Structure formats: C-alpha cells, structure tokens
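**Student:** Given the sequences, and given the hints that come with them, work out the whole structure.
2 protein chains.
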Amino acid sequence: MSKYAKRMKTMEEPANIIKGLFSSMNDPDVTSFGGGAIAKECLPVDIVREIVSDIMTVEGRGYEILSYGPVIGAKDLREVVVKELLAPKGVQANADNIIITTGGMEAMSLMCQLFIEPGDVILVESPTFVHSVETFSMFEAKCIAVEMDDDGMVTEDLEEKIIKYNPKIVYVIPTFQNPTGRTLSLERRQKIAELGSKYDVIILEDDPYRDIRYSGNELLPIKAFDKTGHTVLANSFSKIFSPGSRIGYVYANDDIISKMTDAKSASNSHTSLLPQIICAEFFKRGYYPEHHKLLCDIHRERRDAMIESIDKFFPEGTKRTFPDGGLFTWVELPGGINTTELLKESTLNPDVKVSFVAGEGFFTEGNGKGSNCMRLSFGGNPADKIRIGIERLGNLIKSKLMEEL
Amino acid sequence: MSKYAKRMKTMEEPANIIKGLFSSMNDPDVTSFGGGAIAKECLPVDIVREIVSDIMTVEGRGYEILSYGPVIGAKDLREVVVKELLAPKGVQANADNIIITTGGMEAMSLMCQLFIEPGDVILVESPTFVHSVETFSMFEAKCIAVEMDDDGMVTEDLEEKIIKYNPKIVYVIPTFQNPTGRTLSLERRQKIAELGSKYDVIILEDDPYRDIRYSGNELLPIKAFDKTGHTVLANSFSKIFSPGSRIGYVYANDDIISKMTDAKSASNSHTSLLPQIICAEFFKRGYYPEHHKLLCDIHRERRDAMIESIDKFFPEGTKRTFPDGGLFTWVELPGGINTTELLKESTLNPDVKVSFVAGEGFFTEGNGKGSNCMRLSFGGNPADKIRIGIERLGNLIKSKLMEEL
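Protein sequences, first through last, are from chains A and B.
Residue numbers for the first sequence follow the numbering used here, beginning at 1 and rising by one.
Residue numbers for the second sequence follow the numbering used here, beginning at 406 and rising by one.
All the pointers check out, no bait thrown in.
Simulated crosslink set (BS3-like; lysine-lysine; CA at most 27 Å straight-line):
| no. | chain 1 | residue 1 | chain 2 | residue 2 |
| --- | --- | --- | --- | --- |
| 1 | B | K411 | A | K3 |
| 2 | B | K758 | B | K805 |
| 3 | A | K142 | A | K3 |
| 4 | B | K596 | A | K3 |
| 5 | B | K566 | A | K6 |
| 6 | B | K480 | A | K19 |
| 7 | B | K480 | A | K40 |
| 8 | A | K9 | B | K547 |
| 9 | B | K408 | A | K142 |
| 10 | B | K445 | A | K75 |
| 11 | B | K494 | B | K480 |
| 12 | A | K198 | B | K414 |
| 13 | A | K9 | B | K411 |
| 14 | B | K408 | A | K198 |
| 15 | B | K414 | A | K9 |
| 16 | B | K414 | A | K3 |
| 17 | A | K142 | B | K414 |
| 18 | B | K411 | A | K6 |
| 19 | B | K749 | B | K805 |
| 20 | A | K9 | B | K603 |
| 21 | A | K164 | B | K411 |
For the record, the hints were derived by calculation from the structure and aren't laboratory data.
Keep in mind that this is a model prediction, so the values were computed, not measured.
**Tutor:** In structure tokens form, the structure reads like this:
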C-alpha cells in the first residue's frame, strides 16, 4: 500500500544520517560530544517557573495565552526581537517584518514552501548543517556545495556557482558555523548580500549561534548589508533561552513575511503561545544580560577545555578550528582514519565511551569528502568531563594511527 | 524579484478566504459567531499555573523540559493519548504509533508531505473545513467534493469518485463536522474504512470535536474499523485542553508514523515540549473528567441557546443542523440572500454588530454553492449574548427578505 510522494525518497538519506547521529546520544555511559545543545546549567528553569506563576495570575492574561494566537507570532515577542536582539546589532527592523517560527528549523521549511520547486538548486557551504539538508531534500531541492576556508564561504566560488546553477537560495550559516565553528568575514558578508541583489537570489542567513560569542568582535549580519530585500535572516531562541521551547524567528521584507504567514497558517496555524510569552517576558523583565553572561562564561570555559585538550591529546598533524563562539569545533585527523568507523569503536570500547559526529554526513557532494573529519560539540559537558573524554578519544586515535604503521 | 514556487499561487484563494474570515473577529464591539474556539471559561489557567510550578521544582525535570525533546513527541503525552483518549473509545493503540503534532492542523500538512504530488486528488466533504483546503492547496492537491447529507459523507458518491478520480487521500471530519455540525453514521464509518482498504486509498480522519459531545451516543471512529492501516486518525487538544498550546496527535500504522517522523524532523524538529508536558500532567493528575464535564455543560447551554434562538428569530424557511457536540451549526437561509453580502452589513450595521462565517468559502466546487449558507459558532459567547446576537441577525435577515418582496 501507500504511494508515498517522491520527496519521501529524496529525503531518506539525510534523514538516516540524522537518525544515525543521534542514536548514541541517549546512552548515559557515553560522553557525548555529538549534540548541538547548550549546557543544561544555562536553562532558565527557575525564571520560567516564576514567569508562568506571574502571568497566569494577571486577570485575563492566562485566557489569552491559552487561546489561539496570531499566525505571525505574539507581538510582545516580535518587539523583543526588534529591540533587544536586532537593534543592538545595527539592524533596524519593524516588528511587522518578524515572523515567529516553531524553532529555528521551521524557517528553512517555510522558505522552501515559498521558493522551492523540485529540482531547484540551493547553494550550501561545504560542509553544511545536515538537518537543513534534510529539509531541502524533502522539498526535492538539489544542494550544491560552495567552497569554504577559514573565513567562511568563498565568495568567488559562490559567484561562479550562482552564474552556473541559477540557484533559488544561497544557504549560509555565517557565525560559528555548524559544523565547522568558522565565522564569515565582514567583507564577505557584504559581498554575499550584494551577490543576492545582483543576481536576484535569496540569501538565507541562518544565524542561531551569533549571540553566544566568547571572544573576538561582533560582526554585522549579512542582512545589515542588504539593500534590496534579498536577504532573509533566520535565528532561534534555542541557544539563548531554551531549545525545547521551539521558538525561532525570521526577519524579511514585507512580501516574503506575508507569504510566509500564509505558509505558516497552512503548516501549523501558529507557534505555541505559552513559550512565546514566557520568552518575551524573560527579556522584558531584564533577565537576559545576566543570563547571557552566564551562557558565555560557561561555554567559554568548555570551549577552552576542549581546544586545549585536543592540542594536548590528539596526534600530531591534527587540524582543528578555533571557534570564537557557538558550540562546535571541527577536527581533521591525520592519516587514513575514517571517522564513521572510528565512531563505532569509540562509543563501544569500554576504555573510550565517547561519541561525536562523523564528518562525512555534512558534505552534500558525497564521494567520501570529510571522512577523516569530525564535529565536536563542547556544549553538553563540564570542562573536566571534556578533558577526560578528549584524552580517551585522542588515545584511541593514536592507537589507530599506530596500527596503520 | 522573488520567483515564488507555484504552490504559493495555488494556495492564495483559500488563504484569502481565511484572512477574510478572521478579519472581523478582533473588533470588540462585534459579537462574533465566527471563530472555532471553545469558551474561554473552559481554559484551565489555574491548573496550568499549578502544574508548571510543580514540575519546574522537581529535581532535573525542568532541565529536561527546556531541552530538545523527541521528534515523535513526549512519551508521557503519547501514553495519555493511548490510555485516556483512545482506549475508552474502543481503539487499542501502541504509544509508538502516536506522533505529537504542532496543533491539529500540522497533521494535514505532514500527511501532504508524505503523500501529495502536485495534481493529486484529495476527496473532501461538501462543504469542508477551509483551513485544511488551504493546506491541501499549498501542496497543489486538487480537492474534489463528495456529497453530504444529514448522516455525513454519502458513501455511494464517495465510492464513485474514488473509482473516477483515483485520489491519494479521502479527507473526512466525521464527528460534529466543520462547518456543518453533522455526524457521520456508524454504518458509513465502517463503509469508509472498507473503501480505504478496498481501493488502497488513505482515509484521513480529522476528529477534533469528538470529545465534546453534549447529547446522543458516542460512535466508534473510522479508525476502529480499519483492518489494513489505510485510515489515519488525527486529533487535537485544542478543544479539550487549550488551542494556543498547539498540540495535536496522529495515530497511524508503523510505516506512516516513521515517515511522518522524518517529515516532522524536517519541518520543525519537534513540537514545543513544555505545553506537551503540561497537557500530559493535566490528564495524569486526573483533572480531565471534571474539566470535561464543565466543557460539555457550558457548551451544551450555548448550543441550546443558539438553536432555540435561530428557531425563534430566523425567518420561516430557514434550515439548520442540530449538532450533538462540537462548536458549529450550519444555517441555510430562504430566499436569495447572499451571506457574503449579509456579513458586511451585519458587522457594520450599529443595530446588528454580529459576525459569522459566510458559507461559500467552505465549498471547493465553487460556482456560488453555499452562498445562502452560514456557519454559526456557539463556542465564544455566553447564552444571553448568543440570544441577543441571533435576534439581531434574524431581524436583519428578515428585513432583507422583506426588501426582496
């Protein structure tokens, strides 16, 4: 039975990669450097309790929050985005140009609803975030990889591929990129916005990590250089408030927001209202600055522990990125080690019991690219656990290299 | 700029109907019989506050609730669906065959992701829920209307149209249908399940009103007669808990649930966890039976007030349905009155100030069908306001009929 649509077949491969990624993460005996979650110490449990207790007591407010809400999202929260998140970054937006999404991922799904016909090209970074590739594949888009270096997407290669492939969307994660932790330079940000305008291509700027920066200077988003409305800025509250609340937002021009509101209405009517209101109150009550400091302090310590441990315990010839923020570092191993194979052993071997994400899945071009790479997340474990886990993983890698000799 | 996908064009018409529907609903001077919301007196504000206060205090629980959750939905809530909602209706399900959705609407969207290619046929009731038609249109499905009578979808016409159009999905709202308030007979429920199996067609049973019944006897869902896994049961917590929480669920066979989990992952990762856990606790703590009684008592009174007032104040020759539950009655006016025109006057006329939903938008076949019909919701107003509003609306209709003479 069941004549599934073709898209269910095209999305199967990235869907299986994602299921594979997360399969070892629920084993409590394994130290996971796999997930993309923030430190649990940074989840504002007590504040959420206090806010709910207050708002549900205000006459009439509780009824409002449990009733149907606007498709575009709660006005309170859209105003928070404008005043507390965009204005400080030099982006002057209007709350009517913000739509609230069910987590950051829904932005990719809605953008595909708006723009993607089967076979349309989306240019992505090489490597890129596999979960977005899953979404693009569900819409039967063809993902084509653009070269990256330490300054992010290489704009010369991007321009060539825009000309060659006539893409509908260029998908960029500019800040502390997933999976590499790299940050797109300011010059390239400006250039990418200009390429969007010049070639009439949508630039989808997915920027969920930008607010957790531990070193270096803030850079303007690509959207700040957009003069024609071709750049669409997507962001999320998953890293700065709570991932389980599933709240994200998109900032775009009037026409795109209007169309996105239609697509959102037809997808799920609106995002759950209670988490939207709790999140808005969290900012309006002034909790964010102190919370943000805690977020950065905790993750800076974890990043430093991971980078130092890699330098100390991984074999000579290892390359790794130094992320100024976010949750990931990207490691390229020397020798012929295949990280997909290594992962099986590192999770099962009782002397290691460490998981990570193997690199191959992040490359849409296939053909074994990234098979000696891994994404390591420092968000989920305290510094001492990171040191122990990286030492064990480093020892395993060294033993593998010895076997090769 | 902006080369939108074709689906954004095909969905424009139903999207505009929906925007039209809701435009007059926010005017506080207008008594609205338009929306599909339950009485605000039935929103469990105090219970939600208490539950959040408790669960956020339990060691470790708050962190878990604010973290990423499973794509398929919280296990607690899926178990509540199985034990508290399906088992009492004679449906024996496994929690692994339940997926939690972002409101009831997301079920339609995910089902289209799974099954619909552009041009595929979905058979719908005539009339049917316009919001679902918006979703079907976004996926470029062709909606074809199946006749209804007082016992719901006419199964002879359904079988003919299955043979003629080879549809991917048959979309049915069997209980207290939106917009008519009609209930599909038990015999036809069984017949529709059998037709799904016989012709290898998915039956999408959208049943959000079934748990708010004020008179008559409960009927088994279509799914209870499904022997081959062709029926997919979609339901929602919007009517029995809170619409703004955006929580719904789907019960389907293993293969469909597995595919839906992929589509859900690519759409928004998962439904917001906090509302899922609050809702699960609401049932687990035993609040539902008393809450359910309140829901039924309040809405029964409102239904009776509306039906009695229509019979008393609407002109002779008016036809209306008698819904045993749900939120809507469907009215067919005598004479040549066009309800789309009437709506403009009834909202603006200072002696009336009443809104409803004009009938035409619920018919996918177009050509003016239902132009003398209206959907009246009795959920949103207390009985005395219903009586006053219906009297005013009845007087306006009578005056229109007089003008015609």
